[in-house]
Amino acid sequence: MTEFSIASFALMFFFAIFAGVFGALLGLGGGIIIIPVLTIFFRVPIKEAIATSLISVIATSTSAAVVYVDKHFSNVRLGMMLEIATTIGALIGGTLVVYLGSNILGFLFSGILLYTAYNMTLSARAERSSNDEAYIEVPHNADDDELAKHAENGLTPYTIHNYPAGMAASLAAGALSGLLGVGGGIIKVPVMRLVMRVPLRISIATSNFMIGVTAATGALLYYSRGMVNPVVTAPTVLGVLLGAQVGTRLIRRIKGAALSYIFVVVMLITAVQMILRSVHGGN
Amino acid sequence: MTQEPKNVDRPIGLALLSGMVFSASVIIIGVILLVLHPTSSASHVLPVAVALHEMRALNPTAWISIGIFALILTPVFRVFVALLSFAKVKDWRFVVVSAIVLAAMIASWLLGKA
Chain A
1 MTEFSIASFA LMFFFAIFAG VFGALLGLGG GIIIIPVLTI FFRVPIKEAI ATSLISVIAT
61 STSAAVVYVD KHFSNVRLGM MLEIATTIGA LIGGTLVVYL GSNILGFLFS GILLYTAYNM
121 TLSARAERSS NDEAYIEVPH NADDDELAKH AENGLTPYTI HNYPAGMAAS LAAGALSGLL
181 GVGGGIIKVP VMRLVMRVPL RISIATSNFM IGVTAATGAL LYYSRGMVNP VVTAPTVLGV
241 LLGAQVGTRL IRRIKGAALS YIFVVVMLIT AVQMILRSVH GGN
Chain B
1001 MTQEPKNVDR PIGLALLSGM VFSASVIIIG VILLVLHPTS SASHVLPVAV ALHEMRALNP
1061 TAWISIGIFA LILTPVFRVF VALLSFAKVK DWRFVVVSAI VLAAMIASWL LGKA
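Top line first, the protein sequences correspond to chains A and B. Under my numbering, the first residue of the first sequence is numbered 1, with each subsequent residue one higher. Under my numbering, the first residue of the second sequence is numbered 1001, with each subsequent residue one higher.
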């Protein structure tokens, strides 16, 4: 799959648009679509597919965050605070990977995913059904006047809870993703939504903002080792950039509860993938 | 709450937008060159120094390589711009936060390289 052909280029471009829409909509990198499609349908070697996937995470993150930051959906300060935890966590995980068997960790991670999926399902019912256009973060001690003023401006106020617990969960999430090579979004979104009680769309947009940072170092390593295939990566990246733009426009048309359920389904698929991988004992 | 002066969304958004537009444009030029010379495709990206040199010869792989490399650097650039923006609004706590994130990125890059 190293030869260039316009047909395969166009096919990769179109499936990547889909991956970009999906990634921007859920705050994920889209690796669970890109890696299987590239390896199974296009017969791209797994290492090259992982490299392309990592670069696509950056593409999703950048393209989606351009829109989400501009619309104040991404909470930049929250994102950067949690980035400390996830980057240091990934650093720890990357170091420990030599000493720990990934099979047991895979099962453990699947267990956490299933438990979290259950909690996401419970919270989905409480998800606001209206498609709020804009949110604003307010401090815990915000008074009624301030809240009323925001309501007048059509902004839904929210408060961030449990910063220490959110940081700790993000550190663990970063370490697990370093150990298992899974994307961060699948953990970052529930941590913000369930632990820190941030609205779902803000969690998704902030996760989108963060995942590029997590992927960048890995992508840089693959690049410097010459493991990036330009003929595969170019169409994928271009498709993802375009698709993520579409996804950011679509997110406001989907109800919060529906978005939660889609996210839960993706968590379940990821959990099953991890269990299968652990059973087969492979990395 | 004086939210507005502390708002750093605009410079950070612009950093991301410029990274996206630049890398996408360079990759698209590379793809156009590749369509014009389909036989010149390579299966590996070129090292940055080589690619920069080869761009003048309109080597498609060189253009695509530089576009991909620019995209990979965009998150690093974004954290750097965030650091400067927080400094400009004198939010020193988040200047430190940005510096730690940047340091952790560099540390994992060095650790991975070793």
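No wet-lab data here; the hints were simulated from the structure. Note that the Cβ used here is the ideal one computed from N, Cα and C, for glycine as well. Treat the hints with care, since some could be wrong.
[To be verified] To spell it out: a stretch of chain B is covered by chain A in this simulated footprint if at least three of its residues, at any positions, have a beta carbon under 8 Å from a beta carbon of chain A; those stretches are: (1) 1011 to 1020; (2) 1024 to 1038; (3) 1049 to 1058; (4) 1061 to 1068; (5) 1099 to 1109.
[To be verified] The calculated DSBU-like cross-link candidates involving lysine-lysine, where the alpha carbons are at most 35 Å apart (straight line), are: (6) A:Lys149 to B:Lys1006; (7) B:Lys1088 to B:Lys1006; (8) B:Lys1113 to B:Lys1088; (9) A:Lys149 to A:Lys71; (10) B:Lys1006 to A:Lys71; (11) A:Lys255 to A:Lys149; (12) A:Lys71 to B:Lys1088; (13) B:Lys1088 to A:Lys47; (14) B:Lys1006 to A:Lys255.
Hint-by-hint comparison with the structure:
1. For the segment 1011 to 1020 of chain B, the proposed coverage by chain A is satisfied: 6 residues have a C-beta within less than 8 Å of a C-beta in that chain, meeting the threshold of three.
2. Only residues whose beta carbon comes within less than 8 Å of a beta carbon in chain A count, and the segment 1024 to 1038 of chain B has 8; three or more means the coverage holds.
3. Given a C-beta distance limit of less than 8 Å, the hint that chain A covers the segment 1049 to 1058 of chain B is violated, as 0 residues qualify and 3 are needed.
4. By the rule of at least three residues with a Cβ nearer than 8 Å to a Cβ of chain A, the coverage given for the segment 1061 to 1068 of chain B holds, with 5 such residues.
5. For the segment 1099 to 1109 of chain B, the stated coverage by chain A holds: 7 residues have a C-beta nearer than 8 Å to a C-beta of that chain, and at least 3 were required.
6. Annotation: proposed proximity of Lys149 (chain A) to Lys1006 (chain B) holds, straight-line Cα distance about 19 Å (limit 35 Å).
7. With a CA separation close to 9 Å, the supplied pair Lys1088 (chain B) and Lys1006 (chain B) stays within the 35 Å bound.
8. For a cut-off of 35 Å, the pair hint linking Lys1113 (chain B) to Lys1088 (chain B) stands: about 34 Å separates their Cα positions.
9. In summary, the hint linking Lys149 (chain A) to Lys71 (chain A) is supported, as the alpha carbons are separated by about 19 Å, within the 35 Å threshold.
10. A threshold of 35 Å between alpha carbons decides the hint, and for Lys1006 (chain B) with Lys71 (chain A) the separation of about 16 Å falls inside it, so the pair holds.
11. Annotation: proposed proximity of Lys255 (chain A) to Lys149 (chain A) holds, straight-line Cα distance about 25 Å (limit 35 Å).
12. Straight-line distance between C-alpha atoms of Lys71 (chain A) and Lys1088 (chain B) comes to about 21 Å, which keeps the hinted pair within the 35 Å bound.
13. Among the hinted pairs, Lys1088 (chain B) with Lys47 (chain A) is inconsistent with the structure: their alpha-carbon atoms are about 42 Å apart, more than 35 Å.
14. For the proposed pair Lys1006 (chain B) and Lys255 (chain A), the alpha carbon gap of about 31 Å is at most 35 Å, so the pair holds.
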